[in-house]
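Those sequence lines, one after another, are chains A and B.
Position 271 of the first sequence, counting from 1, maps to 271 under the numbering used here, and the rest follow consecutively.
Here the numbering used here runs 620 ahead of the position in the second sequence, where the first position is 1.
Derived by calculation from the structure, the hints in this document are not laboratory data.
Hints may be right or wrong, so weigh each one.
Claimed, not checked - Result set (DSSO-like, lysine-lysine): computed pairs, CA atoms no more than 27 angstroms apart in a straight line:
| no. | chain 1 | residue 1 | chain 2 | residue 2 |
| --- | --- | --- | --- | --- |
| 1 | A | 263 | B | 1095 |
| 2 | B | 1095 | A | 103 |
| 3 | A | 257 | B | 934 |
| 4 | B | 765 | A | 103 |
| 5 | A | 353 | B | 1095 |
| 6 | A | 145 | A | 263 |
| 7 | A | 597 | B | 934 |
| 8 | B | 723 | A | 516 |
| 9 | A | 353 | B | 883 |
| 10 | B | 877 | A | 610 |
| 11 | B | 1217 | B | 1081 |
| 12 | B | 1081 | B | 1136 |
| 13 | A | 597 | B | 678 |
| 14 | A | 103 | B | 973 |
| 15 | B | 934 | A | 103 |
Number of protein chains: 2
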Amino acid sequence: MATAAPTQTENQTQLWQQLASQLRIDSIRCTTAAGSGHPTSSMSAADLMSVLLASHLKYDFDQPDHPNNDSLIFSKGHACPLLYAAYKAAGAISDEELLSLRKFGSRIEGHPTPDIPWVEAATGSLGQGLSIGVGDAICGKYLDKLPYRVWVILGDSEMAEGSIWEGFNTASHYNLNNLVAIVDVNRLGQRGETALGWHTEIYAARARAFGWNAIEIDGHNIEEIERAYQQAEASDKPTAIIARTEKGHGAALVANKEGWHGKPLNAEQAAAAIAELGGGNDLLIQVNRPEDKQPATGAPGDGELPHYEKGGEKVATRQAYGDALKAIGGMDDDVVVLDAEVSNSTFADAFGKAYPERFFEMFIAEQQLVGTAVGLQNRRKKPFCSTFAAFFARAYDQIRMAAISQADIRLCGSHAGVSIGEDGPSQMALEDLSMFRSIFGSTVLYPSDAPSTAALVHAMKDRSGIVFMRSTREKTPVLYGPDEQFPIGGSKIVRDGDDAVATVIGAGITVHEAIKAADQLQSEGVAVRVVDLYSVKPIDSEMLQRAVAETGHLIVVEDHWRQGGLGEAVLAALAESGTAVTRFTHLAVSEMPRSGKPDELLDAAGISAKHIVAAVQAAQ
Amino acid sequence: MATAAPTQTENQTQLWQQLASQLRIDSIRCTTAAGSGHPTSSMSAADLMSVLLASHLKYDFDQPDHPNNDSLIFSKGHACPLLYAAYKAAGAISDEELLSLRKFGSRIEGHPTPDIPWVEAATGSLGQGLSIGVGDAICGKYLDKLPYRVWVILGDSEMAEGSIWEGFNTASHYNLNNLVAIVDVNRLGQRGETALGWHTEIYAARARAFGWNAIEIDGHNIEEIERAYQQAEASDKPTAIIARTEKGHGAALVANKEGWHGKPLNAEQAAAAIAELGGGNDLLIQVNRPEDKQPATGAPGDGELPHYEKGGEKVATRQAYGDALKAIGGMDDDVVVLDAEVSNSTFADAFGKAYPERFFEMFIAEQQLVGTAVGLQNRRKKPFCSTFAAFFARAYDQIRMAAISQADIRLCGSHAGVSIGEDGPSQMALEDLSMFRSIFGSTVLYPSDAPSTAALVHAMKDRSGIVFMRSTREKTPVLYGPDEQFPIGGSKIVRDGDDAVATVIGAGITVHEAIKAADQLQSEGVAVRVVDLYSVKPIDSEMLQRAVAETGHLIVVEDHWRQGGLGEAVLAALAESGTAVTRFTHLAVSEMPRSGKPDELLDAAGISAKHIVAAVQAAQ
């Protein structure tokens, strides 16, 4: 019997299938070589990945920074063997490097990180990839105005994470039709069936209710996958492709079987599975390149840092944050500001009014707030996010992961500490300094007045890593003149005397309490040194050592819980420098605060001027 | 013209309307008296509250601990003037106390806290109330088997929080038809219109897609409200009532006006609004009492803590956690265990298999995991939650709020530190000790072997506050015999010598590295003391002081970032005790870890035995 020559479509289909088999084989090979990893979670999405890689993704692996590259975000980061297999098929890594998976020193790690140049953002804490993709897509649609597309590969288990629905909500609000979520519904989570099993119609209904185009497909049917991608590319809404798949598809031993999550096949099992899959693993794909387009550039603005009169009218540092944001928005088109529905409290609205095209409302969705920022900085923007400092706790996992993503993002938390007053403890950040100090490579700033805030906001703009600033609700005196410099890592001595009997170290609101205390003590003939520790991390260790040497007694006063804030930062820096502190007093918040006036609460917490005076006197 | 006597229905309607007006009036009065607060956010929900309070809520204000009381959770905590006005209408507080709103010393705070006996959980960080209500509802339906109902009042702005959708998802998974979400769609957020405005049909579609019964109503139409509550009570699913309302409804000055969020009326404005609302404020309502039913009690189990052989087979502390959980499940019917889809990794599945009726799967939704626990402990259960320690970062805001809620919850985080190996940094908790130390009133435990883990799990059962245990992925030697005691706040000296030249302080995995180092040094004729600091908070300050006095040099070694963990806990305790440390070495994780074998990673991080030996030798 004669067979007809294959048509082009048949050839294409064969290629996709052959590539999918190879992606499965390589996912098995590298995890078996590693002795750990997630082959079955990779195999379920191999057909989806094959068609995407061979026919839809536009990406120049030689130019990972090309501004018009598509984004490919593996939200189900544990399925990275599939991603690495795709890199190999695209010629970006060698088979040898693929097989270095999970070995010490290899960039082919257990979950993807940007040590690999084609990985935009680290994943592995589930439910975060879509939020980041939203940031990339906002940039493409509204800022860079480039036709790149953002593809996010999601697992079905992670659809239980609320952050996913923040992403869905935000994507429809901004109508991100350049965003495609590919949901690999393989039914099996780590320890059994997911809540929704193979009910793809429920996932689709949820996506539609959140304003998305949703397409249900058989995730192993190559033609259905191809049609879905075409529809997504033509959609006027963000598109969710809900693909019913089998975990471990293609190898009978593991396909749709429980007990195979995060477990490699042994050598014998792997050999059988590879044979079952046809054995081929040397296909090389030419991935489509993006059009060589450059980002839109904005109109130049007008930027000069705000001026405040030393000793003049009181200004809240949160207001100075807003003033300075607006100013740096004029200096630099790459500054983008994100709000979580509190811009009138954080004063970020000053920027929003001046540069509405670079101001994005995330509504009350702090996880998305940070996710969007990570996506934007992937695209070389300089995002600033602001909300109440307490509410960054909602995004702590995203912030932790942003550090692993090597992201440069700037976060300003307002309304810190008991000094916010009547709103009570739910609104008072009292653990934020600790939170942010414990983030890898972070910078933590806590200015006390308007000029220092403005200078530090300016410095944040080009600072790398996770940069946090704490601002204060209450208006505070302007301590510094216009020519004062505030290098990150520095500090200021704001009161002193040759015969100072103690150094009082504060930051933010407590600097003002310390000054009041120093002035009162001065009137009683007792001199103290007062330090404004505006840079909490990095910290001015040399100043601390001098304070110990010259004044003996250190008094740290902070509007923060006793743990992880200024006090421990000071002790750690001194210990690291080998400086023994014999007299140390730590005034910090130790009881649950309540509603009340700011002064009442500072006093009740034992961190007001009165308590500082008492601490100095007690040591005399 | 003669008018007919009012029918009973008309009387009822008038009562509801009159009560709603009073609730509005009192919301205005108390915020005007305070000079701050959220009257307009209260006024939008006053009709919803009126019908609920007068005709549906079953609550005995004289017995707030009655097990069959309904739950009333104000997720939109800033609208608490309405809640307090309702307490007054129910006769629970006086008008004088209502007017103490936001004053220092009053329990009538800016956001509700359990200092008020009828408040189950603190709210004010938006999007958390539903998750907590899910916990209450799970308890009523599956554990206590009581007919109480859980009413959660939500704002529309907070529907953007992902945690809300974790709540929706979990409620439908457990088919909590005893749960009613009342969504006050007043259209206006803090700084303008919400993303969805008055599109109640979108909220309703989302709720339905998440498996709920959804009812759209006019939230100022008393009859529609009454019908909706009746339908909710008869529903075989959880019900969301999507109520279109006006912010500030009832007072023309503020009704549906922008710029009135979180802003009290001045005295004159208040007087006009109160007049417009009819002026009455002395209505007293008899709230329906619950049936006097008691919770179901479970069958007694069999509980004996597991035994491990000192020096015998290695056991991972995560496994000991599972063993001990199962044991205490037998000892105490109130122990309930919650999983976030990793119970086969955390070993919580040992409990799940033994006591499936007290084991609840939250899937991958850590915010809901903690929310459910808070709800369960409201109902006097003793919840244990477990997931990878890194992923508790996802619920840090919930944990922070749980402390304000005065909740007693137990959290165990597994897979901590670089010692997890190949999975890479996304899975490695390196900030968890810092996170949990900075939670008010918390307990932080980090045992190094199986017997100490089992003993501490047992101690966690009846410990109040937020209690965290960190467990280790790798199997570790059994250090302690069966009779050893592990009081919270204690520590153990596991190696020592009269002539010890240093004290090496570790916890968890690093205790074993320290022992290896001590044994090696011993063979070289150098004695060191090794301390197992299994209780990180509270910390054994007396032991630390002795270590300084007796050995001089302290070496703290921890599988955690340098900030906020063991090292700073030790420094803070010594500083508080007035003990100067002249020689202090801190071995901690300082660079971003990668994939690799546990030993390779401990070594690369500088926290292995080799580095401890070097630190001791360098100081000689």
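Quiz item: What are the numbers of the hints that this structure violates, sorted from low to high?
Solution: 3, 4, 5, 6, 7, 10, 11, 12, 13 and 14
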